[in-house]
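Student: Same order as they appear, the protein sequences are chains A and B.
The opening residue of the first sequence carries number 1 in our numbering; numbering runs sequentially from there.
The opening residue of the second sequence carries number 355 in our numbering; numbering runs sequentially from there.
Calculated from the structure, these hints are not laboratory results.
Incorrect hints may appear among the rest.
[Unchecked claim] Quick list of the computed label-pair ranges, beta carbon to beta carbon:
#1 Thr554/B - Arg66/A: 33 to 43 Å
#2 Asp646/B - His297/A: 35 to 45 Å
#3 Arg195/A - Glu395/B: 22 to 32 Å
#4 Gly76/A - Phe553/B: 42 to 52 Å
#5 His297/A - Leu548/B: 22 to 32 Å
#6 Gly581/B - Gly49/A: 34 to 44 Å
#7 Arg43/A - Ala546/B: 31 to 41 Å
[Said to hold, decoys possible] Not the full set, but computed from the structure, chain A residues with beta-carbon under 7 Å of chain B:
#8 Tyr172
#9 Leu204
#10 Pro207
#11 Asn211
#12 Leu212
#13 Pro246
#14 Ala263
[As the list claims (entries may be wrong)] Sample of chain B residues lacking proximity to chain A, with all beta carbon distances greater than 12 Å (derived):
#15 Thr383
#16 Pro454
#17 Gln542
#18 Leu548
#19 Arg612
#20 Ala637
Remember, it's a predicted structure, so these values are computed and weren't measured experimentally.
Built from N, CA and C at the ideal position, the CB exists for glycine as well.
2 protein chains.
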Amino acid sequence: MPDTLPPSLAAAARAGAARLPQIAILGATGAVGHALLESLESRGFPVGGLRLLASPRSAGQRLPFRGQEITVEALGEDSFKGIDLAFFSAGATLSRQSAPLARAAGAVVVDNSSAFRMDPAVPLVVPEVNAAALAGHAGLIANPNCVAAIATVALAPLHRALPIRRLSMATYQAASGAGAAAMAELEQATAAALRGEAFTPRVLPHPYAFNLFSHNATMDPETGHNGEELKVVAETRRIMGLPELPIGITCIRVPVLRAHAMAITLEFDEPMAPERARALLEAAPGLRVVDDAAANHYPMPVEASGREEVLVGRIRRDLGDPSGRSLAIFVVGDQLLKGAALNAVQIAELVLRG
Amino acid sequence: MPDTLPPSLAAAARAGAARLPQIAILGATGAVGHALLESLESRGFPVGGLRLLASPRSAGQRLPFRGQEITVEALGEDSFKGIDLAFFSAGATLSRQSAPLARAAGAVVVDNSSAFRMDPAVPLVVPEVNAAALAGHAGLIANPNCVAAIATVALAPLHRALPIRRLSMATYQAASGAGAAAMAELEQATAAALRGEAFTPRVLPHPYAFNLFSHNATMDPETGHNGEELKVVAETRRIMGLPELPIGITCIRVPVLRAHAMAITLEFDEPMAPERARALLEAAPGLRVVDDAAANHYPMPVEASGREEVLVGRIRRDLGDPSGRSLAIFVVGDQLLKGAALNAVQIAELVLRG
């Protein structure tokens, strides 16, 4: 499908010429921006040129990529000229402003913000789950919420084998979901607590040292659920292709740096043996089963951090469903990688494959 | 019911004399032991004399109580002579060994271990929930698992109004549940991580700095659930008087010092409006509703720590149950107080009231 390639690459492909894509990263200096650089590098992504874009405040910073240092530029009118592929990770407002510019310049945009995720014209993609949704994209692809991306990697292989009809989730979300400044605040607040000193939170609304709190997204008065919970529900349904799937959810921020954990209960149409679920998860892409009862070793954030695979374990029958139709699992994934940058790079790989 | 009083106090009561009870604490130097001293003091518990008992290793330590210092004694054959009321918090094995001695000496035992919790002859009591179970006790009363004690304070007032028929819980458990040494390890491991130094866990089986892990209790191969999860299920059922209640549960240890949090979904026999649940919880003993959507302020461990009340918030309809019969709540309680010492002291208050 060369028509889904960035136009200039498609033209080169039609002419039989190979040309490496010109890449831009908007929001290069943030936590996800750094992770994008890491993922492009670690996956050997083809890069003909790399333009790092950020706010004027961050312009001039130099970031390492493949042994070079690249100077961050302030976002401007001409920033996307000559760009084939742009990764956006600078918030929904900037995504809405910049997407038309980048697309007019011929770039395919992979957007990490929530701006377009529920737009029916924009595919919302987790490559292991719904790569087919990319077909015929119009140059703009949405990268999902971190919880939805991580959870669906573990849910999809089970659902393919036996339909899921209900989910219940409680999350244990890391600081990184609120950005690099929140990660720094967790460390600073904790250091102050250990010294017995007071600390006033600036980035997050609550004390973070040895504490946890309901996710800081704005609360929806009608449902009593916060914006993060509603995103996870809507995006999980969309990625799984199950627009009516009932999903109960509680999103909690825990004092962990960069990997999200989630306790998930799945109700299937019929009973599913835990052994069968384990075999399905072991065979599925993007997952690693960590489920060693003898060693009491299950998925942990410190072991998921910096790792591409989502970890899954505690695969067992749910004691809360006497019908035997429900299983419980525990899932942990790097919020900056599978929850953001890695998934975006995987989408870009599919786009380039055309 | 003077027959439920410790014998010597019952005799004094029958003779019309008031006599303050002689108290012993077995396991006085542990985290719960310290919290017992705090609770006896803060609640103005009547204390005629106080004997602090521990292993020979801890004997000779001096602990403060009401402005005095009391020397810890090694547990011996005669430790319970003259004792009216003994609090045990030194593990199930020592509880099994010492309970017959203390009872033979005429003491009523309130046991914080798991040794007798499922013994049909021993009441398992959360005073706000099932104080009536104390009637006719035989001198030995079990204090529940911390999660079960904290959860049932919030569940009982709802269940009394409308029967619960199913529960789902995910816990966020503090270090204190594994003792004072685990609390110290969390601080030491975190300090080392902040300095960029390696740290080898000694108390808990996994790295604890900015990390979380499946509860360290031994795994039951048959159910795939750990001992903590099975305790919470069995004890919650027993305290609520619902021996068949299906309870799905995941217990996770988080890097928090001394308050447990839990995301709970309750399925009722019929729909329950969140507003009605909130009113019931606001009127219930031992609870404080913290549920301010505008300020995004909900129960947090740092606000529950050192506090007697269990905090409850995030009271809302469960999006995972289209029938409208399910609610979700978020509950946080001090693991050392309502989860252990305070509940034991409240039981003792009921015993003394006779």
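Student: Next, verify each hint and record whether it holds.
Tutor: A quick look at each hint next to the structure:
no.	hint	in the structure
1	Thr554/B - Arg66/A: 33 to 43 Å	36 Å, holds
2	Asp646/B - His297/A: 35 to 45 Å	39 Å, holds
3	Arg195/A - Glu395/B: 22 to 32 Å	28 Å, holds
4	Gly76/A - Phe553/B: 42 to 52 Å	47 Å, holds
5	His297/A - Leu548/B: 22 to 32 Å	25 Å, holds
6	Gly581/B - Gly49/A: 34 to 44 Å	57 Å, violated
7	Arg43/A - Ala546/B: 31 to 41 Å	32 Å, holds
8	Tyr172	6 Å, holds
9	Leu204	10 Å, violated
10	Pro207	5 Å, holds
11	Asn211	4 Å, holds
12	Leu212	6 Å, holds
13	Pro246	5 Å, holds
14	Ala263	4 Å, holds
15	Thr383	23 Å, holds
16	Pro454	33 Å, holds
17	Gln542	9 Å, violated
18	Leu548	5 Å, violated
19	Arg612	9 Å, violated
20	Ala637	20 Å, holds
Checked against the numbered hints listed earlier, the structure breaks hints 6, 9, 17, 18, 19; every other hint is satisfied.
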